[in-house]
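With the sequences and hints as input, model every part of the structure.
Chains A and B are the protein sequences, given in the same order. Our numbering numbers the first residue of the first sequence as 1 and each following residue consecutively. Our numbering numbers the first residue of the second sequence as 1001 and each following residue consecutively.
Calculated directly from the structure, the hints in this document are not laboratory data. Some hints could be false.
[To be verified] Partner residues are not named here, just some residues of chain A that face chain B (Cβ under 10 Å, in silico):
# : residue
1 : ILE80
2 : GLY108
3 : GLN120
4 : LEU144
Beta carbons are placed, not taken as given, at the ideal position from N, Cα and C, and that holds for glycine.
Listed below, chain by chain, are the residues.
There are 2 protein chains.
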Amino acid sequence: MVKKGFHVTVVDDLSAKTDLRYLKCHIENNNAIFSKTDIRDYDKLMELDSDFEYVFHLAAQPDVKVSVSNPRFDFEVNIIGTFNILEFMRQKEISKLVFASSLGTVYGEPEVYPTPENYQLKPISNYGAAKAAAEMYCSSYSSLYSIDIVSLRLGNIYGPRSTHGVMFDFYNKLKKDSSNLEILGDGSQTKTYLHITDTINAFDITHTKMKKGFDVYNVSSDEQTTVKQVAINMSEALGLEEVNFTFTGGKRGWEGDVVFTSVDTLKLQSLGWNAKISIEEGIVDYVKWLNQ
Amino acid sequence: MVKKGFHVTVVDDLSAKTDLRYLKCHIENNNAIFSKTDIRDYDKLMELDSDFEYVFHLAAQPDVKVSVSNPRFDFEVNIIGTFNILEFMRQKEISKLVFASSLGTVYGEPEVYPTPENYQLKPISNYGAAKAAAEMYCSSYSSLYSIDIVSLRLGNIYGPRSTHGVMFDFYNKLKKDSSNLEILGDGSQTKTYLHITDTINAFDITHTKMKKGFDVYNVSSDEQTTVKQVAINMSEALGLEEVNFTFTGGKRGWEGDVVFTSVDTLKLQSLGWNAKISIEEGIVDYVKWLNQ
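Below, the structure is given as structure tokens:
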């Protein structure tokens, strides 16, 4: 956004062990402002300036496991937090929002593959419920208060600067012990993974081609990859030849884990978007960054 | 429920100008307990006994208009309140919930009529968003914590003991001035109305035929009635012959008003349910009670 000439205000509570290393130069060049704010704190949100053309809402408790073991914490960040953002926008009369929703988790276990955006939502985790519930409010706020909203249903984003997710976990486990890798579940969970570059392109295309009202897009590559395959690719990218995989067993990696995802992305493709980075290239790229 | 031999605990904050007049005899006969509790108050909820076979969750901020003018209040009661009920059930290990959801408001303005239960939810009011969002949590809680949940999508319930809604408003306006009646909108808003007796039957059938998991039912009569027709029927039931109708104009009665509803009720009918009371009989019955 800074490269495009926008002045950016970054709101983060830095709870995800992040820091300002990537932001520092933009703050020094007066292209960005940082506010250490928890989106649960509505009063503090309201202290922010209001002359925003867009809000990109990506703040979240991102872990399905945490949402199952600590439902109220997930509820507070992902639902109350999102409601606070919408209220902030209504009160400050900001009219364009891009919301980072979730892909597999909002559909749960659909009976139609590839699943289109207008398929019913039946989440099987509280994380998915929170994202789906947040979309319901995006729908009403868009209709009632003339806020144009795009919800991007994202799943398993990976790549440089990411410090969570299955690849990050595998990398750290293999750094500790390069001969053994424990895989949660039976390894057959089949998901789609999307490289950060393709993800940013989706934000880029959708925010510039925003329509009136509320619009939802599946954002996903068409490559289905098993968790075991991710382990294989990760081992290869690290140059490890004989890693012994062990499995904790069970069809799900964790409670609430959606074990098969395949979504229809024709709607996003109709805007000119395509996933360009294969999982193989993507993992090599990510490992390069992780090694640095 | 008392007639069926259940011991009932009623939880209400009495905010809807209600009192204990219908409950008193059951309390005196030791068939019921009353707790004046606001469902936003989780700690107070947790003080309740836990030996419940079923929870029927009907507590809500029921007014679409209020949800639009005061989104946070509606959010707190209808979403945080419902989340508190689900958390209460999870902690107390209660495994059966019947949830009073909403009909027209959760679908918004669908492109398919009659709308089936699995149609996508796109609410245009915060009230509808809250009910749809609550269903997302019903879905995840049911899947994660083995709570069987039935969500009944109810619309425009009327009849004895009801003290809100269009019929109640028309009745009071006509009692004040029997020659003039102001109708919100252009009067062509077309909705379905369901008499309380048919509604209770729906709760009755669904809670006894509950399946594992999360299940949703449209609960509606097949009679589509315009608001103007409701005004005519109400005037007739009051024996008024020459009421002059005036209209505030506009296609919606209020912001967020869904002006056409027609839903598919085959799923509920397959359990043996049918709406038995016509709008004409129903209004006569309701007016009889209102006159008392």
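Does A/LEU144 meet its interface restraint, that is, does its C-beta lie within less than 10 Å of any C-beta in chain B? Because about 6 Å separates A/LEU144 from the closest Cβ in chain B, which is inside the 10 Å limit, the hint holds.
Measuring from the C-beta of A/GLY108 to each C-beta in chain B, is the shortest one below 10 Å? holds (7 Å)
Is the interface hint for A/ILE80 satisfied, with its Cβ closer than 10 Å to some Cβ of chain B? holds (8 Å)
Per the CB criterion, is A/GLN120 less than 10 Å away from chain B? OK, holds: A/GLN120 within 10 Å of chain B, min 5 Å.
Every hint from the earlier list agrees with this structure, and none is contradicted.
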